[in-house]
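Enquirer: Sequence:
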Amino acid sequence: MSYETLTMHWLDWLVVVAFFVLVLGIGILSGKKVKNSSDFFVGGGKVPWWLSGISHHVSGYSGVVFVGYAGIAYSQGISIYFWWAVVIAISVAVGAVLVAPRWPRLRRALGIQSVTEYLQMRYNKAAQLLVAIAGIGSKLLDVAAKWVSIGLLLYGFTGMPLWIGVFVSGLVSLIYMAIGGIMADLWTDFVQFIVQVAAGIALFIGVAVHLGDYGYNLFTVFEALPAGNTDVFLAGRGQGSLSWTLLYFFTVFFSYNGGTWNLAARYISTPDGKDAKKSAFFSAALYLFWPLILFFPMWVGPVIFPGMDQKTAESLLYASLTNKFLPTGMVGLVLASMFANTMTMCNSDANTIAAVITRDIVPVFKPDMKDLSEKEELFQARLWTAIFTAATVVIALFNDYFGGVTGLILSWFAALLGPTAIPLIFGLFPCFKYSDGKAAVISTIAGLGVFVLTKCGIQMEADVAIAAPLFVSAFFYIGIGLINKYVLHQTVKPEIEDLMVKLSDKSL
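Numbering (the working numbering), first residue to last: 2 to 509.
These are calculated hints, taken from the structure and not from any lab test.
Predicted model only: the values in this text are computed from it and were never measured.
Each residue gets a CB set at the ideal place from its N, CA and C atoms; glycine is no exception.
Label-pair distances were calculated between CB atoms; the ranges are:
| id | residue 1 | residue 2 | range |
| --- | --- | --- | --- |
| 1 | Gln311 | Ile134 | 33 to 41 Å |
| 2 | Leu489 | Lys376 | 44 to 52 Å |
| 3 | Val210 | Ala387 | 45 to 53 Å |
| 4 | Val192 | Val493 | 43 to 51 Å |
| 5 | Pro307 | His10 | 24 to 32 Å |
| 6 | Gln311 | Asn37 | 42 to 50 Å |
List of simulated lysine-lysine pairs, DSSO-like, C-alpha gap at most 27 Å:
| id | residue 1 | residue 2 |
| --- | --- | --- |
| 7 | Lys486 | Lys434 |
| 8 | Lys507 | Lys434 |
| 9 | Lys36 | Lys376 |
| 10 | Lys439 | Lys486 |
| 11 | Lys367 | Lys439 |
| 12 | Lys126 | Lys434 |
| 13 | Lys503 | Lys434 |
| 14 | Lys439 | Lys503 |
| 15 | Lys279 | Lys503 |
| 16 | Lys33 | Lys376 |
| 17 | Lys47 | Lys279 |
| 18 | Lys126 | Lys494 |
| 19 | Lys47 | Lys376 |
| 20 | Lys36 | Lys367 |
| 21 | Lys275 | Lys434 |
| 22 | Lys494 | Lys434 |
| 23 | Lys312 | Lys325 |
| 24 | Lys36 | Lys47 |
| 25 | Lys507 | Lys494 |
| 26 | Lys275 | Lys34 |
| 27 | Lys279 | Lys507 |
| 28 | Lys34 | Lys47 |
| 29 | Lys503 | Lys275 |
| 30 | Lys494 | Lys439 |
| 31 | Lys367 | Lys126 |
| 32 | Lys33 | Lys47 |
| 33 | Lys47 | Lys507 |
| 34 | Lys486 | Lys126 |
Work the whole structure out from these sequences, hints included.
Expert: Here it is as C-alpha coordinates:
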(Lines of atoms letter the chains of each structure in order from A and count residues from 1; the text may use other names and numbers.)
(Lines give C-alpha, C1' and ligand atoms only; values in the text may rest on other atoms or scores of the structure.)
Protein backbone atom coordinates (compact mmCIF):
# COMPACT_ATOMS: atom_id res chain seq x y z
CA MET A 1 0.00 0.00 0.00
CA SER A 2 1.34 3.42 -0.88
CA TYR A 3 1.33 5.87 1.98
CA GLU A 4 0.92 8.69 -0.52
CA THR A 5 -2.60 7.81 -1.66
CA LEU A 6 -5.04 7.54 1.21
CA THR A 7 -8.83 7.60 0.99
CA MET A 8 -11.70 7.74 3.45
CA HIS A 9 -14.54 5.21 3.09
CA TRP A 10 -18.07 6.58 3.24
CA LEU A 11 -18.54 4.70 6.51
CA ASP A 12 -15.57 6.58 7.97
CA TRP A 13 -17.18 9.86 6.99
CA LEU A 14 -20.44 8.71 8.59
CA VAL A 15 -18.59 7.96 11.84
CA VAL A 16 -16.97 11.42 11.72
CA VAL A 17 -20.36 13.10 11.31
CA ALA A 18 -21.93 10.98 14.08
CA PHE A 19 -19.08 11.80 16.45
CA PHE A 20 -19.48 15.54 15.91
CA VAL A 21 -23.23 15.29 16.45
CA LEU A 22 -22.38 13.75 19.83
CA VAL A 23 -19.88 16.52 20.58
CA LEU A 24 -22.42 19.15 19.58
CA GLY A 25 -24.97 17.51 21.88
CA ILE A 26 -22.50 17.71 24.77
CA GLY A 27 -21.97 21.39 24.03
CA ILE A 28 -25.70 22.12 23.95
CA LEU A 29 -26.40 20.26 27.19
CA SER A 30 -23.45 21.94 28.92
CA GLY A 31 -24.49 25.34 27.63
CA LYS A 32 -27.93 25.00 29.21
CA LYS A 33 -26.30 24.75 32.63
CA VAL A 34 -24.23 27.93 32.21
CA LYS A 35 -25.97 30.55 34.31
CA ASN A 36 -23.11 32.96 35.00
CA SER A 37 -19.46 33.64 34.27
CA SER A 38 -18.32 31.35 37.10
CA ASP A 39 -20.11 28.44 35.44
CA PHE A 40 -18.68 29.42 32.06
CA PHE A 41 -15.06 29.84 33.13
CA VAL A 42 -14.51 27.47 36.12
CA GLY A 43 -17.55 25.18 36.24
CA GLY A 44 -18.68 26.78 39.47
CA GLY A 45 -15.66 25.18 41.20
CA LYS A 46 -17.45 21.80 41.31
CA VAL A 47 -15.53 19.74 38.71
CA PRO A 48 -14.74 16.20 40.04
CA TRP A 49 -11.05 15.32 40.31
CA TRP A 50 -11.14 12.40 37.86
CA LEU A 51 -12.77 14.51 35.14
CA SER A 52 -10.30 17.33 35.78
CA GLY A 53 -7.41 14.83 35.62
CA ILE A 54 -8.49 13.33 32.30
CA SER A 55 -9.05 16.78 30.85
CA HIS A 56 -5.68 18.00 32.16
CA HIS A 57 -4.03 15.03 30.43
CA VAL A 58 -5.94 15.43 27.17
CA SER A 59 -5.47 19.21 27.18
CA GLY A 60 -1.71 18.77 27.46
CA TYR A 61 -1.41 17.60 23.86
CA SER A 62 -3.34 17.87 20.63
CA GLY A 63 -3.04 16.72 17.06
CA VAL A 64 0.57 17.91 17.35
CA VAL A 65 1.38 14.51 18.89
CA PHE A 66 0.02 12.73 15.82
CA VAL A 67 1.74 15.11 13.41
CA GLY A 68 4.90 16.86 14.61
CA TYR A 69 5.73 14.31 17.30
CA ALA A 70 4.88 11.41 14.97
CA GLY A 71 7.62 12.70 12.67
CA ILE A 72 10.04 12.90 15.60
CA ALA A 73 9.11 9.40 16.82
CA TYR A 74 9.67 8.04 13.30
CA SER A 75 13.03 9.72 12.73
CA GLN A 76 14.48 9.80 16.28
CA GLY A 77 12.83 6.84 17.99
CA ILE A 78 12.09 6.24 21.65
CA SER A 79 13.87 9.32 22.98
CA ILE A 80 10.64 11.31 22.59
CA TYR A 81 9.00 9.17 25.29
CA PHE A 82 11.67 10.20 27.78
CA TRP A 83 12.10 13.87 26.95
CA TRP A 84 8.35 14.42 26.44
CA ALA A 85 6.09 11.91 28.24
CA VAL A 86 8.30 11.02 31.21
CA VAL A 87 9.35 14.63 31.74
CA ILE A 88 5.70 15.72 31.77
CA ALA A 89 4.72 12.88 34.13
CA ILE A 90 7.43 13.83 36.62
CA SER A 91 6.64 17.54 36.33
CA VAL A 92 2.94 17.04 36.94
CA ALA A 93 3.56 14.60 39.83
CA VAL A 94 5.88 17.10 41.55
CA GLY A 95 3.37 19.84 40.84
CA ALA A 96 0.63 17.72 42.42
CA VAL A 97 2.36 18.25 45.74
CA LEU A 98 3.72 21.76 45.31
CA VAL A 99 1.45 23.71 42.97
CA ALA A 100 -1.87 22.13 41.99
CA PRO A 101 -3.61 22.44 45.40
CA ARG A 102 -2.88 26.17 45.50
CA TRP A 103 -5.05 26.94 42.45
CA PRO A 104 -8.46 26.00 43.93
CA ARG A 105 -7.39 27.55 47.25
CA LEU A 106 -6.77 30.76 45.30
CA ARG A 107 -10.28 30.60 43.82
CA ARG A 108 -11.79 30.02 47.25
CA ALA A 109 -9.77 32.84 48.82
CA LEU A 110 -10.29 35.51 46.17
CA GLY A 111 -13.17 34.27 44.00
CA ILE A 112 -11.03 34.35 40.85
CA GLN A 113 -12.33 33.12 37.50
CA SER A 114 -9.26 33.82 35.36
CA VAL A 115 -5.74 32.56 35.91
CA THR A 116 -4.14 36.02 36.02
CA GLU A 117 -6.89 37.70 38.00
CA TYR A 118 -5.05 37.44 41.31
CA LEU A 119 -1.94 39.21 40.00
CA GLN A 120 -3.40 42.69 40.57
CA MET A 121 -3.68 42.04 44.30
CA ARG A 122 -0.46 40.03 44.51
CA TYR A 123 1.61 42.60 42.58
CA ASN A 124 -0.09 45.54 40.87
CA LYS A 125 -2.07 46.44 37.75
CA ALA A 126 1.06 46.87 35.62
CA ALA A 127 2.30 43.37 36.40
CA GLN A 128 -1.12 41.86 35.83
CA LEU A 129 -1.47 43.61 32.47
CA LEU A 130 2.04 42.72 31.29
CA VAL A 131 1.74 39.02 32.17
CA ALA A 132 -1.75 38.84 30.67
CA ILE A 133 -0.77 40.46 27.36
CA ALA A 134 2.50 38.53 27.04
CA GLY A 135 0.70 35.29 27.90
CA ILE A 136 -1.93 35.92 25.28
CA GLY A 137 0.87 36.44 22.74
CA SER A 138 2.35 33.03 23.50
CA LYS A 139 -1.08 31.37 23.38
CA LEU A 140 -1.70 32.82 19.93
CA LEU A 141 1.26 30.76 18.71
CA ASP A 142 0.34 27.68 20.73
CA VAL A 143 -3.23 27.52 19.42
CA ALA A 144 -2.05 28.30 15.89
CA ALA A 145 0.21 25.23 16.05
CA LYS A 146 -2.81 23.13 16.99
CA TRP A 147 -4.76 24.35 13.97
CA VAL A 148 -1.79 23.47 11.76
CA SER A 149 -1.58 19.98 13.28
CA ILE A 150 -5.23 19.22 12.60
CA GLY A 151 -4.84 20.63 9.09
CA LEU A 152 -1.96 18.23 8.48
CA LEU A 153 -3.98 15.33 9.89
CA LEU A 154 -6.88 16.11 7.58
CA TYR A 155 -4.46 16.25 4.68
CA GLY A 156 -3.00 12.88 5.65
CA PHE A 157 -6.40 11.23 5.97
CA THR A 158 -8.32 12.94 3.17
CA GLY A 159 -5.90 14.84 0.95
CA MET A 160 -7.63 18.10 1.92
CA PRO A 161 -5.30 21.12 1.42
CA LEU A 162 -3.77 22.41 4.64
CA TRP A 163 -5.39 25.85 4.49
CA ILE A 164 -8.87 24.34 4.12
CA GLY A 165 -8.30 22.07 7.12
CA VAL A 166 -7.12 25.01 9.23
CA PHE A 167 -10.01 27.23 8.17
CA VAL A 168 -12.71 24.56 8.60
CA SER A 169 -11.41 23.41 12.01
CA GLY A 170 -11.25 27.01 13.20
CA LEU A 171 -14.80 27.70 12.02
CA VAL A 172 -16.24 24.53 13.56
CA SER A 173 -14.46 25.24 16.83
CA LEU A 174 -15.77 28.79 16.89
CA ILE A 175 -19.36 27.55 16.53
CA TYR A 176 -18.80 24.99 19.30
CA MET A 177 -17.25 27.60 21.60
CA ALA A 178 -20.32 29.80 21.38
CA ILE A 179 -22.41 27.03 22.91
CA GLY A 180 -20.84 25.69 26.00
CA GLY A 181 -18.20 26.81 28.67
CA ILE A 182 -15.53 24.86 30.37
CA MET A 183 -17.88 21.95 31.19
CA ALA A 184 -18.45 21.36 27.48
CA ASP A 185 -14.67 21.11 27.12
CA LEU A 186 -14.33 18.75 30.05
CA TRP A 187 -17.01 16.30 28.97
CA THR A 188 -15.88 16.37 25.34
CA ASP A 189 -12.35 15.70 26.54
CA PHE A 190 -13.66 12.69 28.45
CA VAL A 191 -15.57 11.26 25.49
CA GLN A 192 -12.80 11.79 22.99
CA PHE A 193 -10.22 10.30 25.39
CA ILE A 194 -12.29 7.10 25.66
CA VAL A 195 -12.49 7.00 21.87
CA GLN A 196 -8.78 7.74 21.52
CA VAL A 197 -7.85 4.96 23.95
CA ALA A 198 -10.05 2.48 22.08
CA ALA A 199 -8.58 3.48 18.72
CA GLY A 200 -5.03 3.61 20.10
CA ILE A 201 -5.25 0.13 21.58
CA ALA A 202 -6.79 -1.18 18.35
CA LEU A 203 -3.93 0.32 16.32
CA PHE A 204 -1.33 -1.04 18.75
CA ILE A 205 -2.82 -4.54 18.49
CA GLY A 206 -3.14 -4.26 14.72
CA VAL A 207 0.50 -3.31 14.31
CA ALA A 208 1.70 -5.92 16.84
CA VAL A 209 -0.21 -8.73 15.13
CA HIS A 210 1.17 -7.86 11.69
CA LEU A 211 4.78 -7.46 12.77
CA GLY A 212 5.20 -11.14 11.90
CA ASP A 213 4.59 -10.20 8.26
CA TYR A 214 7.84 -8.27 8.42
CA GLY A 215 9.71 -11.00 10.31
CA TYR A 216 9.61 -9.40 13.77
CA ASN A 217 7.73 -9.41 17.06
CA LEU A 218 7.08 -6.78 19.75
CA PHE A 219 10.68 -7.00 21.00
CA THR A 220 12.85 -7.88 17.99
CA VAL A 221 11.32 -5.08 15.90
CA PHE A 222 13.41 -2.52 17.81
CA GLU A 223 16.56 -4.24 16.52
CA ALA A 224 15.46 -3.38 12.98
CA LEU A 225 15.10 0.35 13.63
CA PRO A 226 17.68 2.81 12.29
CA ALA A 227 20.80 3.45 14.36
CA GLY A 228 20.07 5.78 17.26
CA ASN A 229 16.31 5.19 17.30
CA THR A 230 16.57 3.07 20.45
CA ASP A 231 18.74 5.54 22.34
CA VAL A 232 17.11 7.00 25.44
CA PHE A 233 18.93 10.26 24.84
CA LEU A 234 20.33 11.39 21.51
CA ALA A 235 24.00 12.24 21.19
CA GLY A 236 25.27 15.82 21.22
CA ARG A 237 23.11 18.85 21.97
CA GLY A 238 19.62 19.86 20.95
CA GLN A 239 16.27 18.09 20.86
CA GLY A 240 16.32 14.64 22.44
CA SER A 241 19.71 15.00 24.10
CA LEU A 242 20.26 14.68 27.85
CA SER A 243 20.98 18.41 28.20
CA TRP A 244 17.80 19.22 26.24
CA THR A 245 15.74 16.91 28.47
CA LEU A 246 17.05 18.40 31.71
CA LEU A 247 16.50 21.97 30.57
CA TYR A 248 13.16 21.18 28.95
CA PHE A 249 11.97 19.79 32.32
CA PHE A 250 11.88 23.28 33.82
CA THR A 251 9.85 24.68 30.94
CA VAL A 252 7.44 21.74 31.18
CA PHE A 253 7.15 22.06 34.96
CA PHE A 254 5.97 25.65 34.74
CA SER A 255 3.79 24.96 31.72
CA TYR A 256 1.84 21.96 33.00
CA ASN A 257 1.39 23.34 36.51
CA GLY A 258 -0.31 26.54 35.43
CA GLY A 259 1.96 28.51 33.10
CA THR A 260 -0.26 27.14 30.33
CA TRP A 261 -3.42 28.81 31.51
CA ASN A 262 -6.04 26.30 30.42
CA LEU A 263 -4.24 23.62 32.45
CA ALA A 264 -4.39 25.84 35.54
CA ALA A 265 -8.11 26.28 34.87
CA ARG A 266 -8.54 22.49 35.29
CA TYR A 267 -7.17 22.77 38.83
CA ILE A 268 -8.98 26.01 39.64
CA SER A 269 -12.28 24.33 38.74
CA THR A 270 -11.91 21.53 41.32
CA PRO A 271 -13.61 21.90 44.72
CA ASP A 272 -10.46 22.05 46.87
CA GLY A 273 -6.74 21.38 47.14
CA LYS A 274 -7.15 17.66 47.83
CA ASP A 275 -9.16 17.15 44.65
CA ALA A 276 -6.65 19.19 42.64
CA LYS A 277 -3.83 17.00 43.96
CA LYS A 278 -5.66 13.80 42.96
CA SER A 279 -6.40 15.32 39.57
CA ALA A 280 -2.71 16.05 39.00
CA PHE A 281 -1.53 12.59 40.07
CA PHE A 282 -4.11 10.99 37.77
CA SER A 283 -2.91 13.09 34.83
CA ALA A 284 0.73 12.23 35.62
CA ALA A 285 -0.05 8.49 35.64
CA LEU A 286 -1.73 8.76 32.25
CA TYR A 287 1.33 10.55 30.84
CA LEU A 288 3.62 7.84 32.17
CA PHE A 289 1.78 4.82 30.74
CA TRP A 290 -0.48 5.80 27.84
CA PRO A 291 2.29 7.13 25.51
CA LEU A 292 3.92 3.68 25.49
CA ILE A 293 0.85 2.40 23.62
CA LEU A 294 0.38 5.59 21.65
CA PHE A 295 3.94 5.91 20.31
CA PHE A 296 4.67 2.24 19.57
CA PRO A 297 3.15 2.25 16.06
CA MET A 298 5.08 5.45 15.27
CA TRP A 299 8.36 3.98 16.56
CA VAL A 300 8.09 0.98 14.26
CA GLY A 301 7.07 3.20 11.34
CA PRO A 302 10.51 2.87 9.64
CA VAL A 303 9.94 -0.90 9.42
CA ILE A 304 6.42 -0.64 7.99
CA PHE A 305 6.84 2.49 5.85
CA PRO A 306 10.58 2.83 5.16
CA GLY A 307 12.04 5.83 3.41
CA MET A 308 10.02 8.68 4.94
CA ASP A 309 11.79 11.82 5.99
CA GLN A 310 10.63 13.63 9.13
CA LYS A 311 8.46 16.14 7.27
CA THR A 312 6.69 13.40 5.31
CA ALA A 313 6.16 11.41 8.50
CA GLU A 314 4.58 14.47 10.12
CA SER A 315 1.98 14.65 7.37
CA LEU A 316 1.31 11.02 6.52
CA LEU A 317 2.66 8.50 9.05
CA TYR A 318 -0.24 8.27 11.50
CA ALA A 319 -2.84 8.40 8.76
CA SER A 320 -0.97 5.66 6.86
CA LEU A 321 -0.80 3.42 9.94
CA THR A 322 -4.47 3.96 10.66
CA ASN A 323 -5.54 3.22 7.09
CA LYS A 324 -3.39 0.09 6.94
CA PHE A 325 -4.18 -1.54 10.28
CA LEU A 326 -7.64 -0.39 11.35
CA PRO A 327 -10.97 -1.56 9.89
CA THR A 328 -13.34 0.70 7.99
CA GLY A 329 -15.23 2.94 10.39
CA MET A 330 -12.48 2.92 13.01
CA VAL A 331 -10.38 5.16 10.73
CA GLY A 332 -13.10 7.81 10.83
CA LEU A 333 -13.37 7.44 14.58
CA VAL A 334 -9.63 8.05 15.00
CA LEU A 335 -9.79 11.15 12.83
CA ALA A 336 -12.88 12.46 14.62
CA SER A 337 -11.31 11.90 18.01
CA MET A 338 -8.10 13.73 17.10
CA PHE A 339 -10.10 16.50 15.45
CA ALA A 340 -12.21 16.86 18.61
CA ASN A 341 -9.10 16.69 20.80
CA THR A 342 -7.50 19.62 19.03
CA MET A 343 -10.76 21.51 18.75
CA THR A 344 -11.55 21.22 22.46
CA MET A 345 -7.98 22.20 23.35
CA CYS A 346 -8.35 25.35 21.31
CA ASN A 347 -11.78 25.84 22.86
CA SER A 348 -10.39 25.60 26.39
CA ASP A 349 -7.53 27.94 25.50
CA ALA A 350 -9.93 30.46 24.03
CA ASN A 351 -12.21 30.10 27.06
CA THR A 352 -9.29 30.85 29.38
CA ILE A 353 -8.04 33.73 27.23
CA ALA A 354 -11.52 35.23 27.13
CA ALA A 355 -11.59 35.15 30.93
CA VAL A 356 -8.26 36.98 31.09
CA ILE A 357 -9.32 39.59 28.53
CA THR A 358 -12.75 40.30 29.98
CA ARG A 359 -11.73 40.26 33.64
CA ASP A 360 -8.11 41.46 33.62
CA ILE A 361 -7.29 43.47 30.49
CA VAL A 362 -10.38 45.29 29.19
CA PRO A 363 -11.38 46.62 32.66
CA VAL A 364 -8.02 48.44 32.87
CA PHE A 365 -8.97 50.52 29.82
CA LYS A 366 -12.72 50.45 30.37
CA PRO A 367 -13.50 50.42 34.12
CA ASP A 368 -17.27 50.09 33.62
CA MET A 369 -16.66 46.53 32.38
CA LYS A 370 -16.57 45.51 36.03
CA ASP A 371 -20.22 46.53 36.38
CA LEU A 372 -21.61 44.36 33.58
CA SER A 373 -24.54 42.06 34.17
CA GLU A 374 -24.00 38.30 33.97
CA LYS A 375 -25.52 38.20 30.48
CA GLU A 376 -23.35 41.08 29.26
CA GLU A 377 -20.23 39.46 30.72
CA LEU A 378 -20.99 36.20 28.90
CA PHE A 379 -21.49 38.14 25.66
CA GLN A 380 -18.09 39.81 26.07
CA ALA A 381 -16.47 36.44 26.76
CA ARG A 382 -17.88 34.97 23.56
CA LEU A 383 -16.95 38.08 21.55
CA TRP A 384 -13.30 37.98 22.61
CA THR A 385 -13.26 34.24 22.08
CA ALA A 386 -14.20 34.84 18.45
CA ILE A 387 -11.53 37.53 17.98
CA PHE A 388 -8.83 35.38 19.58
CA THR A 389 -9.75 32.34 17.50
CA ALA A 390 -9.69 34.32 14.26
CA ALA A 391 -6.20 35.61 15.06
CA THR A 392 -4.86 32.11 15.74
CA VAL A 393 -6.24 30.85 12.42
CA VAL A 394 -4.43 33.64 10.56
CA ILE A 395 -1.13 32.76 12.27
CA ALA A 396 -1.69 29.08 11.48
CA LEU A 397 -2.04 29.86 7.79
CA PHE A 398 1.44 31.42 7.90
CA ASN A 399 2.98 28.75 10.15
CA ASP A 400 6.03 28.26 7.90
CA TYR A 401 7.27 31.70 8.94
CA PHE A 402 7.51 30.39 12.53
CA GLY A 403 9.36 27.16 11.71
CA GLY A 404 6.35 24.94 11.09
CA VAL A 405 4.26 23.14 13.69
CA THR A 406 7.15 21.82 15.81
CA GLY A 407 8.84 25.21 15.58
CA LEU A 408 5.75 26.91 16.97
CA ILE A 409 5.48 24.46 19.87
CA LEU A 410 9.11 23.73 20.77
CA SER A 411 10.71 27.08 19.96
CA TRP A 412 8.31 30.02 20.08
CA PHE A 413 5.70 28.93 22.61
CA ALA A 414 8.09 27.11 24.98
CA ALA A 415 10.51 30.05 25.06
CA LEU A 416 7.77 32.66 25.51
CA LEU A 417 6.02 30.72 28.25
CA GLY A 418 8.74 31.00 30.89
CA PRO A 419 8.78 34.78 31.40
CA THR A 420 5.01 34.87 31.98
CA ALA A 421 4.93 31.72 34.11
CA ILE A 422 7.57 32.79 36.65
CA PRO A 423 5.57 35.55 38.40
CA LEU A 424 2.34 33.57 37.94
CA ILE A 425 3.57 30.37 39.64
CA PHE A 426 6.14 31.79 42.07
CA GLY A 427 3.56 34.30 43.25
CA LEU A 428 1.66 31.43 44.88
CA PHE A 429 4.46 30.60 47.34
CA PRO A 430 5.26 32.29 50.68
CA CYS A 431 9.02 31.95 50.10
CA PHE A 432 8.72 34.47 47.25
CA LYS A 433 6.43 36.92 49.02
CA TYR A 434 9.09 39.65 48.96
CA SER A 435 9.13 39.60 45.16
CA ASP A 436 6.79 42.48 44.42
CA GLY A 437 5.28 44.12 41.34
CA LYS A 438 8.66 45.48 40.34
CA ALA A 439 10.11 41.96 40.41
CA ALA A 440 7.23 40.62 38.33
CA VAL A 441 7.52 43.32 35.66
CA ILE A 442 11.32 43.33 35.39
CA SER A 443 11.59 39.53 35.36
CA THR A 444 8.99 39.22 32.60
CA ILE A 445 10.59 41.91 30.44
CA ALA A 446 14.07 40.44 30.97
CA GLY A 447 12.94 36.96 29.93
CA LEU A 448 11.12 38.24 26.87
CA GLY A 449 14.21 40.31 26.02
CA VAL A 450 16.36 37.19 25.95
CA PHE A 451 13.89 35.55 23.57
CA VAL A 452 14.00 38.59 21.28
CA LEU A 453 17.81 38.45 21.25
CA THR A 454 17.75 34.80 20.16
CA LYS A 455 15.49 35.76 17.26
CA CYS A 456 17.69 38.72 16.31
CA GLY A 457 20.83 36.74 15.65
CA ILE A 458 22.32 35.89 19.06
CA GLN A 459 23.46 32.28 18.64
CA MET A 460 22.71 29.73 21.37
CA GLU A 461 22.49 25.97 21.48
CA ALA A 462 18.87 24.86 20.93
CA ASP A 463 18.51 23.47 24.45
CA VAL A 464 19.93 26.62 26.03
CA ALA A 465 17.80 28.91 23.86
CA ILE A 466 14.58 27.19 24.88
CA ALA A 467 15.28 27.52 28.63
CA ALA A 468 17.21 30.80 28.75
CA PRO A 469 14.16 33.13 28.95
CA LEU A 470 12.76 31.15 31.89
CA PHE A 471 16.04 31.07 33.84
CA VAL A 472 16.68 34.77 33.24
CA SER A 473 13.17 35.60 34.46
CA ALA A 474 13.65 33.44 37.55
CA PHE A 475 17.03 35.08 38.27
CA PHE A 476 15.57 38.60 38.24
CA TYR A 477 12.39 37.61 40.09
CA ILE A 478 14.22 35.88 42.93
CA GLY A 479 17.08 38.40 42.98
CA ILE A 480 14.82 41.44 43.34
CA GLY A 481 12.89 39.64 46.07
CA LEU A 482 16.11 39.04 48.02
CA ILE A 483 17.14 42.68 47.60
CA ASN A 484 13.74 43.82 48.84
CA LYS A 485 14.06 41.62 51.93
CA TYR A 486 17.70 41.88 52.96
CA VAL A 487 18.86 45.21 51.47
CA LEU A 488 15.79 47.43 51.39
CA HIS A 489 14.10 45.71 54.36
CA GLN A 490 10.69 46.07 52.79
CA THR A 491 7.61 44.73 54.56
CA VAL A 492 4.99 42.54 52.95
CA LYS A 493 1.45 43.88 52.70
CA PRO A 494 -0.97 42.31 55.23
CA GLU A 495 -3.33 41.14 52.48
CA ILE A 496 -0.48 39.28 50.78
CA GLU A 497 0.58 37.70 54.07
CA ASP A 498 -3.01 36.58 54.59
CA LEU A 499 -3.19 35.17 51.05
CA MET A 500 0.02 33.18 51.56
CA VAL A 501 -1.46 31.62 54.72
CA LYS A 502 -4.63 30.59 52.86
CA LEU A 503 -2.68 29.17 49.90
CA SER A 504 -0.63 27.01 52.28
CA ASP A 505 -3.63 25.80 54.30
CA LYS A 506 -3.89 22.05 53.53
CA SER A 507 -7.41 21.92 54.93
CA LEU A 508 -8.70 23.98 52.01
